[in-house]
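Trainee: Spelled out from the first residue to the last, the chains are:
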Amino acid sequence: MKIKSIWKPALALLIAIALWEAATKVWQIEVWLLPSPSTIAKEMIIVFPAFLPHMLATIKLVLVGFSSAIVIGIIVATLLHIFPTAREIVMPFLVISQNIPTIVLAPLFMIWFGLGDFPKYLIIAMTAFFPIAIATLDGFNQTNRECLHYMQMMGATKKQTFFKLQLPDAIPSIFSGIKIAATYSVMTAVVAEWLGAQKGIGVFMTLSASSYRTSRVFVAIVITIILSLAFFGLFLALEKWFTRWKRNEGAQ
Amino acid sequence: MKAMIRCFSFLALLLLLVGCQSQESEGKEKVQLFLDWTPNTNHTGIYVAKEKGFFEEEGLDVEIMLPGEVSTEQIIGSGKGQFGISFQSQVTQARSENLPIVSIAAIIQKDTSGYYTPKSKGIETPKDFEGRVYGAYGSELEKASLQAVMNKEGGDASKINMVQVGNTDYFIAMERDIDFVSIFYAWTGIEGELRGADMNFIQPADFAPELDTYSPLIITSDDMIENDPETVQAFINAVYKGYEFAINNPEEAADILIEAEPDLNPELVQRSQEWLSPRYKEGAEAWGVQEASRWERYANFMIENKIIESVDIQKAFNNEFIEKAMK
Numbered sequence: 001m002k003i004k005s006i007w008k009p010a011l012a013l014l015i016a017i018a019l020w021e022a023a024t025k026v027w028q029i030e031v032w033l034l035p036s037p038s039t040i041a042k043e044m045i046i047v048f049p050a051f052l053p054h055m056l057a058t059i060k061l062v063l064v065g066f067s068s069a070i071v072i073g074i075i076v077a078t079l080l081h082i083f084p085t086a087r088e089i090v091m092p093f094l095v096i097s098q099n100i101p102t103i104v105l106a107p108l109f110m111i112w113f114g115l116g117d118f119p120k121y122l123i124i125a126m127t128a129f130f131p132i133a134i135a136t137l138d139g140f141n142q143t144n145r146e147c148l149h150y151m152q153m154m155g156a157t158k159k160q161t162f163f164k165l166q167l168p169d170a171i172p173s174i175f176s177g178i179k180i181a182a183t184y185s186v187m188t189a190v191v192a193e194w195l196g197a198q199k200g201i202g203v204f205m206t207l208s209a210s211s212y213r214t215s216r217v218f219v220a221i222v223i224t225i226i227l228s229l230a231f232f233g234l235f236l237a238l239e240k241w242f243t244r245w246k247r248n249e250g251a252q
Numbered sequence: 001m002k003a004m005i006r007c008f009s010f011l012a013l014l015l016l017l018v019g020c021q022s023q024e025s026e027g028k029e030k031v032q033l034f035l036d037w038t039p040n041t042n043h044t045g046i047y048v049a050k051e052k053g054f055f056e057e058e059g060l061d062v063e064i065m066l067p068g069e070v071s072t073e074q075i076i077g078s079g080k081g082q083f084g085i086s087f088q089s090q091v092t093q094a095r096s097e098n099l100p101i102v103s104i105a106a107i108i109q110k111d112t113s114g115y116y117t118p119k120s121k122g123i124e125t126p127k128d129f130e131g132r133v134y135g136a137y138g139s140e141l142e143k144a145s146l147q148a149v150m151n152k153e154g155g156d157a158s159k160i161n162m163v164q165v166g167n168t169d170y171f172i173a174m175e176r177d178i179d180f181v182s183i184f185y186a187w188t189g190i191e192g193e194l195r196g197a198d199m200n201f202i203q204p205a206d207f208a209p210e211l212d213t214y215s216p217l218i219i220t221s222d223d224m225i226e227n228d229p230e231t232v233q234a235f236i237n238a239v240y241k242g243y244e245f246a247i248n249n250p251e252e253a254a255d256i257l258i259e260a261e262p263d264l265n266p267e268l269v270q271r272s273q274e275w276l277s278p279r280y281k282e283g284a285e286a287w288g289v290q291e292a293s294r295w296e297r298y299a300n301f302m303i304e305n306k307i308i309e310s311v312d313i314q315k316a317f318n319n320e321f322i323e324k325a326m327k
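One line per chain: the protein sequences are A and B, in this order.
First residue of the first sequence? That's 1 in the UniProt record's numbering, and the numbers climb one at a time after it.
First residue of the second sequence? That's 1 in the UniProt record's numbering, and the numbers climb one at a time after it.
One or more hints might be untrue.
Residues from chain B that keep clear of chain A, each with C-beta distances beyond 12 angstroms, as calculated [claimed, not checked]: (1) Q32; (2) G155; (3) A286; (4) S310.
For lysine-lysine, the following DSS-like pairs were computed, each having C-alpha atoms within a straight-line distance of at most 25 angstroms [claimed, not checked]: (5) B/K110 - A/K199; (6) A/K164 - A/K60; (7) B/K159 - B/K315; (8) B/K159 - B/K110; (9) B/K159 - A/K199; (10) B/K315 - B/K80; (11) B/K110 - B/K127; (12) B/K306 - A/K42; (13) B/K241 - B/K52; (14) A/K199 - A/K42; (15) B/K159 - B/K119; (16) B/K80 - A/K25; (17) B/K306 - B/K28; (18) B/K241 - B/K281; (19) B/K306 - A/K199.
Bear in mind the hints are in silico, worked out from the structure with no lab data behind them.
Where a beta carbon is used, it is the ideal one built from N, C-alpha and C, also for glycine.
Next up, chain A with everything else stripped away, as it sits in the complex:
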């Protein structure tokens, strides 16, 4: 992103924070109801050393859960693309799987798989793989028809068409799926931690909320937002890198 496109939302954000700060001062809002941005910032500095292990635990959850989601998402999409009958049969179940709220699914997973990290990876992977799989499938279906015909005319095998044409062509679609999933994978990890964990932003949130330290709850919210943005940014950068490689190849 260029600086030019970023200054407008940044200014809007600054104004919103200033209004928030002013409102808490003017109406003298109690800290336990709504802390001011300056209180949150101060609290963040104080609490950060204690917060860090929680944050690292969540980052680990997201990294493992999300990378498995990418792998599973692309593999599932590929399989469903190769076997159209399987696609017809499995698709409704995939959609249903997305309609089960995390908040009821998580305790069940904890009972089935224990309270370790595995059920949490599963929850993150389950919520994140769906947009990736759908976007990848769409990408496969939108292969350039002319190129496809061209390759078929030249007698390319199915395998060759897939790896040389369909998969590279689908990369932008795959990334749009990954980016959608990345935005809420951090949130999913936090919710999963609410429902059973030893460490993590979710645990920190529960502890802070139960002791009425609303400013700490907000610290956790702010960090969650920053982490989500960071993950989104990471995949945005990766996408650029991947498509540049693609462009370069096309130019050769």
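Once you have looked at the hints, place chain B on chain A.
Mentor: Just chain B now, with coordinates in the frame of chain A:
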């Protein structure tokens, strides 16, 4: 003529309906009570007061609410609700963060909660907690309380593996990766008996008297006490009668709770009520009365363990309303 009679009688009926309606809501003040958890025998006196019309006699129309994911203390402190069920630990902590809530009646005099573990795990005393997995409910106090309980035997709470368990079924969780949890004996303990589970129960107060807190208790806000003490008095009068009834008639009180909350297991409610009724005011001069010394002792424990910095205990509880209700 006929049309006119019809018209008049219709009008009269309408007036009557309107009259009836205003009569019903007139003078009956609507208040909301937020529970701490799903309805259980800790709340029986409130359900009795509602079903037996004690609230109505006092001119109140009480709605019983479940808090969901929001804390009852914050709902009451912010004035979104008038009364709530909370715990001494929560009120002390809330008060130290300037939440304007006050405990106006202790529901049970002795803390009936404790550590619960399957006998097969071999946890007999707090010393055995070391190296085990504790299923926590998510409070900063839990570790300090565990340490206090273990102090007597020289145990080290930092050797306990703490895992937050949230809404998991404790019994299922304890079959695999949790070794012990904290429960209310009157509810989960009795449920264990009904399920035929072979369990050990360790009461914190036996090892650390400072942990014997009023839990649960009834709270309201500073604002209610200051600006609407009549409503608070009316509420306490009715609840007082409700718990007195539950103390003297456990079986009938349990039936009232079962009828009001049909989703509860009736056998569990009956057994739990039988166990709990004699304990509501055990050792106190009357139901609901609270002692300053117990509030101070617990606040000191929290300050020593750096869970809170300071708290004005005089603002945390109030016996005024109970004393008037006794008369």
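Trainee: Does each hint hold? Answer for all of them.
Mentor: Outcome of the hint check:
no. : hint            : result
1   : Q32             : holds, 19 angstroms
2   : G155            : holds, 20 angstroms
3   : A286            : holds, 31 angstroms
4   : S310            : holds, 14 angstroms
5   : B/K110 - A/K199 : violated, 33 angstroms
6   : A/K164 - A/K60  : violated, 34 angstroms
7   : B/K159 - B/K315 : violated, 37 angstroms
8   : B/K159 - B/K110 : violated, 29 angstroms
9   : B/K159 - A/K199 : holds, 16 angstroms
10  : B/K315 - B/K80  : holds, 20 angstroms
11  : B/K110 - B/K127 : holds, 23 angstroms
12  : B/K306 - A/K42  : holds, 19 angstroms
13  : B/K241 - B/K52  : holds, 10 angstroms
14  : A/K199 - A/K42  : holds, 23 angstroms
15  : B/K159 - B/K119 : holds, 21 angstroms
16  : B/K80 - A/K25   : holds, 22 angstroms
17  : B/K306 - B/K28  : violated, 45 angstroms
18  : B/K241 - B/K281 : holds, 13 angstroms
19  : B/K306 - A/K199 : holds, 20 angstroms
The structure fails hints 5, 6, 7, 8, 17 (numbered hints given earlier, in ascending order).
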